[in-house]
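Visitor: Listed in order, the protein sequences are those of chains A and B.
Heads up, the first sequence is in our numbering, so the first residue is 1 and it goes up one at a time.
Heads up, the second sequence is in our numbering, so the first residue is 1 and it goes up one at a time.
Just so you know, the hints here were simulated from the structure itself, not pulled from any lab data.
Keep in mind the model is a prediction, meaning the values are calculated, not measured.
Where is the CB? At the ideal position from N, CA and C, for every residue including glycine.
Be careful, since some hints might not be right.
[As the list claims (entries may be wrong)] Pairwise CB distance ranges (calculated): (1) MET61/A / GLU73/B: 30 to 38 Å; (2) GLY49/B / TRP333/A: 21 to 29 Å; (3) ALA43/A / LEU46/B: 17 to 25 Å; (4) ASN29/A / ASP145/B: 20 to 28 Å; (5) TRP333/B / ASP197/A: 35 to 43 Å; (6) THR214/A / LEU196/B: 53 to 61 Å; (7) SER147/A / ARG38/B: 23 to 31 Å.
[Claimed, not checked] Which stretches of chain A does chain B cover? Using the computed rule of at least three CB atoms under 8 Å from a CB of chain B, they are: (8) 33–41; (9) 238–252.
Protein chains: 2
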Amino acid sequence: MSRPPKRATVHDIAAAAGVSRGTVSRVLNGGYVSAEARAAIEAAILEVGYVPNNAARTLKMRRSQAVAFVALEPHSLFLDDPNIGSIMLGANAALSLADHQMVSLVVESQRDTERVARYLSGGFVDGAIVVSARTRDPIIKVISDLSLPAAFVGHPPELSDNIPFVGIDNVGSARAITSRLASSGRRRIGMIAAALDRDSGIDRLTGFKTALGTGYDPALVADVPHYDYGSGVKGMRLLLEREPSIDGVFAASDAIAAGALETLREAGRSVPGDVGVVGFDDSTWAVRCQPQLSTVHQPAKELGSCAAQLVLRQLRGETLEPGGQMLPTPIVWRDSA
Amino acid sequence: MSRPPKRATVHDIAAAAGVSRGTVSRVLNGGYVSAEARAAIEAAILEVGYVPNNAARTLKMRRSQAVAFVALEPHSLFLDDPNIGSIMLGANAALSLADHQMVSLVVESQRDTERVARYLSGGFVDGAIVVSARTRDPIIKVISDLSLPAAFVGHPPELSDNIPFVGIDNVGSARAITSRLASSGRRRIGMIAAALDRDSGIDRLTGFKTALGTGYDPALVADVPHYDYGSGVKGMRLLLEREPSIDGVFAASDAIAAGALETLREAGRSVPGDVGVVGFDDSTWAVRCQPQLSTVHQPAKELGSCAAQLVLRQLRGETLEPGGQMLPTPIVWRDSA
DNA sequence: TACGGATGTGTGAACGTGCACACAGTAGGA
DNA sequence: TCCTACTGTGTGCACGTTCACACATCCGTA
């Protein structure tokens, strides 16, 4: 491994400008400097193309001005979940305003987990935003042990109540949109439930159940593994098979709803005439579909910026009230129901 | 801003184990250490929960074992382009194997540009992979001035031939799939051309023109701004208006093709019966559509890993042959044409 | 004259690490 | 006996930065 070329340091600048290191530092960071000295130093900086070494600054300051954005198991996310990108952009915007650099790290394999843990521990970042953590992810323990300022997006991690989180009320949102679907006169309402190994999946199903109350029929729930389009197709076929008279469907995601719409079209059912369909996420899927989806708006960008704020506040030394924060999820009523 | 708590250093470990710093260093980095010393040190490390400070290591070694993944103007990318995620994952996998941490930086605003430039200059990363650079992006100059090992994905940046790149042959691929469409007996073939402010957009149009040769008719080209679904809808409407007898369409992306399919369905045209449609990218759109798209396969994952390799080879001190690398783009023939 | 404050500059130490070097002991061969 | 090789350990320095401190000068005022 070849070492990179040596670069100019404050020392070189000081020598070139005929002053001391301290004065150069003062030009860069503020302090009393005479006009001549400042001019000479600025000229020298331009001449040799000096850029400060952040690794040295971080070492001394114990601050990197960087915050990690850790995306766990992003493989499926990048392909199916349009939210992760918006969350990232929201977080980046908030951090950018506070002059912090967001660096995102993807964790796919065991190997990644260990390397990212080292990276987080190593002082390269001042804090971390963690998205889509499984309850017992080893990364959580690393952050907890280091007491690294952090925030979770999604569900609170069980084993550490001291890490704040921001999320949405999946139960309440699912209940609300199911109720609205029911109130429009639908009698046989089913659900395509997905990702029941995650909190979000379980919660959406719970919301559906509570909305229907005694009218809930387990036979009308199709259980599919993922939040994606293909699962929607499969799930809808299952429901049509089990209950041909079905007239309402709550899909656990917009992608699933899109798949369901396609299946319904193939089966010759009109939407929203024969069957009313509602989704979840208000992602780009919602407006691409024909008809456009009635769905729960998930404020992805706000989730990202909120998480960023939670980290920034900790960096400022504020002590946060324990517990999490739920963002509102308005229902967007379009044409599919 | 509160300083983070002090953490254990090699010094503390040495004191706890009753040895010198050097011996601790040798336990961590390899060297001659007696069994007793090693045991004592390892016990001490576990006890105090020591983690090495990477900022200090980076300062000393002039190596961070991290490579930046710079996504320029990712806003539209995350929403419309399914490739960026795959490129990232491909790059991450390759870097992960070489035990390098990929850190991705998004650049959306002027503010971001400056901060990312500082970050890249600051020694936090050993190299950079740059995606979707405009020709004259200031980031390119920063990388060039620093002679930071880098690789571009997409088109070569004009002003610096010494930075390698990996991309696909947009002209050739577009020509190939247009020819194939023409050879299936279509007579009136149009194109929905997009993003003509980018090289990829221009090149795909050029390929289309050369494939048709003298049969090329400018009236059959609809020019839309973006690679997205909505543009496909608009573009197809335009083409149908101008030339109702159109029987073949080359869409500049799969998302556009999907939009075109929807418009054709609304217009009562069958696909591939009345009109043959081909796309570009082989993204998730391609298999979601009804009928599934015939398209050009873009090897996104390989683009990412190739770019990573180019950076890693420079880090190993290899001198690369100048110029770029084109990855093959096989045609995937499905049902839409 | 003496003092205090404001302005401007230089020096030494420290952040935590890795490596070169010095040094010590042991063993084997010429 | 001396030389070399190998194993094992401690010390000093350097990486590039910031900060505390010391020092120097000038000015207005008691």
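Visitor: Of all the hints given earlier, name the ones this structure violates by number, lowest first.
Guide: 2, 3, 8 and 9
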